[in-house]
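Asker: So you can see what is in the structure, the chains are spelled out below.
2 protein chains.
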Amino acid sequence: MTDTGLATVAVLGLGQVGTSIALALRDRGVRVLLADSDGQAVDSAVDRGAGERLDEDAPRADLLVIAVPPEALPGTLRNAQERNLASVYTDVAGVKAAPATRARQLGCDMTGFVPGHPIGEETFTDDAARPDLFRGAAWALCEDEGTRPDAVTLARRLVELCGAMPVLMDADTHDRLVALISHAPYLVATAMAGALVDAPVEALGLRPAGVGCVTGPAAVDPELWRQVLNQNARWVSCVLSEIAADLVDACAALQLASTGDDSYFGEVAELLRRGHAGRRRLVEAGHKSTG
Amino acid sequence: MTDTGLATVAVLGLGQVGTSIALALRDRGVRVLLADSDGQAVDSAVDRGAGERLDEDAPRADLLVIAVPPEALPGTLRNAQERNLASVYTDVAGVKAAPATRARQLGCDMTGFVPGHPIGEETFTDDAARPDLFRGAAWALCEDEGTRPDAVTLARRLVELCGAMPVLMDADTHDRLVALISHAPYLVATAMAGALVDAPVEALGLRPAGVGCVTGPAAVDPELWRQVLNQNARWVSCVLSEIAADLVDACAALQLASTGDDSYFGEVAELLRRGHAGRRRLVEAGHKSTG
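Just so you know, the protein sequences line up as chains A and B, in that order.
The first sequence begins at 1 in the working numbering and counts up by one.
The second sequence begins at 292 in the working numbering and counts up by one.
Calculated from the structure, these hints are not laboratory results.
Heads up, the beta-carbon is just placed ideally off N, CA and C, and yes, glycines get one too.
Keep in mind that a hint or two might mislead.
Unchecked claim - Derived Cβ-Cβ restraints for the label pairs, each shown as a range:
#1 A:55 <-> B:554: 37 to 45 Å
#2 A:106 <-> B:576: 28 to 36 Å
#3 A:53 <-> B:552: 41 to 49 Å
#4 A:172 <-> B:330: 33 to 41 Å
#5 A:260 <-> B:552: 39 to 47 Å
#6 B:451 <-> A:172: 53 to 61 Å
#7 B:536 <-> A:38: 34 to 42 Å
#8 B:568 <-> A:55: 47 to 55 Å
#9 B:436 <-> A:270: 21 to 29 Å
Let the sequences and hints guide you as you build the complete structure.
Answerer: Next comes the structure, spelled out in C-alpha cells:
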C-alpha cells in the first residue's frame, strides 16, 4: 500500500463515470482492476489504459467502486462483499438513501460502505470517459454513525485522486439537495424536450440557443434517470409540485392575456423576476456557467 | 451607396443586440449612425468604435435598425418614419405579429418595414456586445404581401453583413415557432430558477451542471421577456399547457411512488423517453450543443 492508502482500486461498471474514475486513478499511479457485466466494455477500458481485468487471481482491492445504476447497486454490493473483493466499498449513484436501505435489508456490511456521488461532472454533450471528468467537481460522501473511519478516509482519498472535492453529508440531506439542483431540473428539461418530438423541422433548424440550453440534461439515459427519480420520488415531488404549479398559473395568465385581459400578467412578471433572482444566486454561488 | 446597397445604417437602441449589429457593420466598412434614449449608451458605443452619433446633420440612412423592447417598437418606428431617418426600416424584437399590428394602427408605412429577429445568438453568460454575436445564426425576416422588394433586399443584406442566415417567414409562423423553441423554454427555465431563490446555500455550492444548464435563459432581463411573452401569449400558452400538464402528471406519479405505489411510474418513464427523443431531434437538426 502506498502512502495514499490506495494502492489497488477495483471498479465495477465501466460506463462514463466508472471508466473516468479508472482513468483518473491510473494517471495517479494506482493499480486498477476492471469489471463489467458486458465483457466488451472491459476490453475497451483495458485497451484505453484504464487498468487490468479483475479476474480470479486479482488481489483484494483497498477500495471497490460500484458504478452501476441505483437499482443494481444493492445486489452488486452484496455480491462483491460475499466475494470479499475489497476492504472498503463506495458507489457513484445519483440517489443515496433508498439504495442504502435496500443494501442493509440484503445484509450488506454497511460499516465498510461509504455511499458516494460525484456531482456536476455531467456534460450532456457526450458520454465519453476521460480522466479529468471530475476535476473541480463536488463529490458527496454519505457517512453515517456506523461507518468505519478508515472507510471514509479511503473514500475521501479516492475523491481527491480524481481531482474532486469531498463533501460529507448524510444520505437524506444529499437526496433533498440533489432533488432541487439535479433531479427536478432533469425532469423540467425532459418535459421541455418532449415538446420537441413533434416540432416542425423548420423550428429546429433555427438552432435557437434557449431550447438547447434548457433541454441539455434530457440527453442522459432515460432508464438510468427513471431509477434515480423513482428512488428519490418524495423529495423530487416536493420541488416539482411548486414548479408545476407556477407553470400552470403562468399558462392560465397567458391564455387570459391572449384574449386581451392582462389581469393576471403581474403574476407572470413576478415569476420572471423570481427566476432572474434565482439564476443570479446560482451564478453568485460560483456555478460555472454552461448556458 | 456601395455595391452592397448599404452605405449608411442607423441603429436605434444600443443594448447588446443593437451595439453588436453596429460593430459587425463597422467591420464591413458600413457607416453607422447611433442613437439611444440613454446618452451614455451612445457615448459608450461611439467609444467602442460602433459608429458615430446620429445628430441633426446626419444623412438619411439606407436602413434603420430599431433595437428596442417590443412595447417601444411601434412608437419608435412611427417617430423614425416621421423624421424620415431612412429609406427602409427593420427591427430585432423576439415577437413579430403584435408589434406589427400596433405599428399599422399607429399609421406607420409598412411597405418599407421588414420585421426581423436574430435567433440563437443568445449566450446567457453575459450581455456584452461583440461583432461576431450573430455569426452563423438564423435571422428571421417577416415580409408580407405589402412589403417592398427593395426593402427585403436591404434587410437581407444587413443580415448577411452580420454573418447570419436570413430565413424568410410570415410573422405568425415566426411567433408560433419561437413560442416552442425560445419563449416556452424561457418560461420553463425561469420556473426552475425561481425554485432556487430560497435554495440552501450548500445546495448551490455543489455547482451542479444540470440546474446551471436548465436555468441559463433566466439570466435575461425579465422586463424584456415580460413584454415578449405578453405579446406572444397565445402561442406560448399552447406550448406551455402541454409541458405544464406533463409536469403535473409526473409530480402526481412521484408522490404515489414515494408511498411505494408505482402504478403511474410507467408514464414518468414514457415522459423521459419522449424527452430523450426530443433532445435527439434537436441535436440531429444541427443544434450547437450548449449544455
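Asker: Against this structure, judge whether each hint is valid.
Answerer: Quick rundown of the hints versus the structure:
| no. | hint | result |
| --- | --- | --- |
| 1 | A:55 <-> B:554: 37 to 45 Å | 44 Å, holds |
| 2 | A:106 <-> B:576: 28 to 36 Å | 46 Å, violated |
| 3 | A:53 <-> B:552: 41 to 49 Å | 43 Å, holds |
| 4 | A:172 <-> B:330: 33 to 41 Å | 56 Å, violated |
| 5 | A:260 <-> B:552: 39 to 47 Å | 44 Å, holds |
| 6 | B:451 <-> A:172: 53 to 61 Å | 57 Å, holds |
| 7 | B:536 <-> A:38: 34 to 42 Å | 38 Å, holds |
| 8 | B:568 <-> A:55: 47 to 55 Å | 40 Å, violated |
| 9 | B:436 <-> A:270: 21 to 29 Å | 41 Å, violated |
Comparing the model with each earlier hint shows violations of hints 2, 4, 8 and 9; every other hint is respected.
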